[in-house]
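Peer 1: As you go down the protein sequences, you meet chains H and E in turn.
Residue numbers for the first sequence, in numbering that gives the first Met the number 0: 0 to 280.
Residue numbers for the second sequence, in numbering that gives the first Met the number 0: 0 to 354.
Calculated from the structure, these hints are not laboratory results.
This one's a predicted model, so the numbers in the text were calculated from it and none came from an experiment.
Among the hints, a few may not be true.
Heads up, incomplete: computed chain E residues facing chain H, CB under 7 Å, no partners named [unchecked claim]:
1) Ala72
2) Met78
3) Phe80
4) Ser82
5) Ala84
6) His88
7) Tyr97
8) Arg102
9) Ala106
10) Arg109
11) Ala110
Using N, Cα and C, we set each Cβ at its ideal position, and we do this for glycine too.
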Amino acid sequence: MTGARMLRLGGRICRDVLVWAAIGLISFPLVWMVLTSLKPRIETNGYPPSFLPSSLTLVHYYDLLFRTGFGQLFVNSLFVSLTSTLVAVLFGIAGAYGLVRFRFAARGLMARLVLFAYLLPAVVLLVPLYVIVASIGLNGSLWGLVITDTTFALPFALWLLRAFVAALPPDIEAAAAIDGAGRFAILFEIVIPQALPGILATAVFTFIMAYNEYLYALVFINADQSMTLPPGVLRLVKESYDIDWNLMMAAAVVITMPILLLFALVQRHFGQGLGAGSVKG
Amino acid sequence: MAAISLDHIRKSYGAHVIVDNLCIDVQAGEFLTLLGPSGCGKSTILRMIAGLDSPSAGGILFDGRRMNDVLPADRNIAMVFQSYALYPHMTVRQNLEYPLRKRRVPAQQRAAMVDNVAGILQIGPLLDRRSSQLSGGQQQRVALGRAMIRSPDVFLFDEPLSNLDATLRAHMRAEIIQLHQRLGKTMVYVTHDQIEAMTMSTRIAVLEGGKLLQLGPPAEVYARPATRFVASFVGTPRMNFLPGALVPGGFRADGLALEIAVAHAADAVRVTAGVRPQDLLLAKDGLPARVTLVERTGQETLVTTSAGAQTLVLRLDESCKLRIGDEIAIGVRPGKLHLFDEASGERLGNDDCHP
């Protein structure tokens with residue numbers, strides 16, 4: 000083995016070790032979360048702490064799903080997140096297409112205003128939005144949250160989608176117009192299929208944004224049966240005098256599931272350039 | 000088949016004029032090429048014919064019917080783009096079917112039409128592939144097929160061959176010529192490649208800066224270029240130009256011992272003389288020059304020489320034995336001098352060439 004080859008091999012081993020160390024560091028809390036949710040309670044607070052549980056139990060999941068209001072929180076969160084994602088992406092794609100392809104007065108200004116709306120800190124709009132939502136009688140309702148989540152998700156979605164639509168070659172839409180497609184046919188049959196990876200990515204990010212939303216859910220919702228996960232779980236955990244770590248970790252695992260599932264479903268679209276090869280030069 | 004009239008077309012964005020007061024009549028069944036350098040407005044003209052852009056002023060007429068406010072879909076045209084513009088998320092078959100679907104052609108008929116076009120263009124084996132999996136030449140074929148499939152009145156081509164390699168380009172050029180002969184449809188073809196323009200067209204419209212410089216059959220554009228720009232743009236290798244003046248004896252080149260008798264001799268008019276490389280020859284008592292470059296293509300030899308401050312390129316046959324540094328004397332073939340007004344660039348005289 001020559002010196003150069005040894006050096007290269009050494010470099011590769013170093014790199015691999017570093018990568019695995021980073022992965023370990025990042026995933027440790029997640030692994031800890033899963034393990035804790037499966038440990039018997041007695042083991043969780045023991046000292047010294049055990050990494051691998053001596054026996055596995057699903058009792059915390061059972062407690063979480065059947066002895067607490069977690070199920071309702073979960074359903075509420077999914078409803079709010081999915082609805083606002085759907086609305087944001089639907090209007091976002093139409094708005095992005097309009098901003099990119101139509102020429103109208105102050106087009107650039109309008110695009111920047113959208114970004115500006117997104118950059119506003121959520122807390123600045125808290126009171127005005129509360130007044131608006133209350134005045135239409137939706138405070139305390141999940142629909143109120145859908146409205147406020149969409150308020151933040153739509154500019155975000157619009158801004159992301161605008162970049163995806165702008166990257167599409169306009170010749171293809173011109174060809175479709177000549178082939179006989181109207182504006183809506185172009186949008187639904189030509190633009191959306193090409194922008195699908197971007198749309199899915201936007202949907203995932205929008206979903207996570209709404210799913211994680213804490214402040215508005217905390218302020219707008221008082222009744223337990225309308226609460227979403229972020230403030231709801233906090234209340235769940237704080238209800239008991241001492242914190243039930245196993246229950247909390249089980250909740251964290253279940254909360255993570257939809258996100259994991261979402262990534263698993265759309266990951267083959269991430270980074271896959273559907274448009275590659277259609278236009279050269 | 001349709002005749003197209005561009006009637007005093009103007010296209011501008013604010014103060015930026017792209018096409019200025021353009022009039023062209025394209026006859027039914029004609030193959031008209033819009034030829035010019037990039038930025039001359041040729042693609043904009045094509046997009047206005049297609050209805051993708053609308054003119055700022057003037058009318059676009061198909062068979063005398065004003066089309067300005069007619070949607071692209073309703074003009075019964077087909078367009079082939081430089082980028083091919085195939086639908087990347089569809090298979091080749093779906094690409095070909097798309098214009099038929101939009102016109103509600105029944106499925107059975109659609110299938111027959113796809114098979115027919117696929118047969119003509121020999122893309123049958125590709126029908127179920129995604130268009131993004133095809134090579135450039137195959138994509139170009141599919142784009143042609145998508146244009147052909149619904150028998151449009153007018154075919155528009157926007158530099159369709161410029162992304163292909165040289166061999167494929169020559170091949171596709173021949174295919175488009177055959178397509179025109181077989182279908183006999185009106186075709187408007189945009190290119191900056193004068194070989195394409197010369198070989199394919201019924202007539203060529205040469206454009207520069209949004210203005211029409213010359214409109215005529217290829218042979219006429221080549222033999223009697225209307226302006227100095229046309230003369231320099233059409234023909235490879237490029238025409239030689241010599242600044243000079245018309246004097247009573249004929250044309251006298253600046254700073255060179257070259258005087259050529261011409262019919263239109265006048266007094267002291269500043270002109271630019273143009274002569275094509277194949278119209279220069281070796282002559283005993285010609286203009287002395289020194290060879291600076293010899294390029295042999297196998298069938299001919301291009302000899303670059305310098306005479307005074309001027310550079311002249313000669314096109315000689317393959318038996319030429321000249322080498323760099325040789326001293327030669329150059330003559331002009333009688334009657335092969337083109338004269339252009341120095342200020343305006345306009346051609347002087349109506350003859351093919353000046354005797």
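Peer 1: Are the hints correct? Go through all of them and say.
Peer 2: Each hint tested on the structure:
| no. | hint | result |
| --- | --- | --- |
| 1 | Ala72 | holds (4 Å) |
| 2 | Met78 | holds (5 Å) |
| 3 | Phe80 | holds (5 Å) |
| 4 | Ser82 | holds (4 Å) |
| 5 | Ala84 | holds (4 Å) |
| 6 | His88 | holds (4 Å) |
| 7 | Tyr97 | holds (5 Å) |
| 8 | Arg102 | holds (6 Å) |
| 9 | Ala106 | violated (16 Å) |
| 10 | Arg109 | violated (13 Å) |
| 11 | Ala110 | violated (18 Å) |
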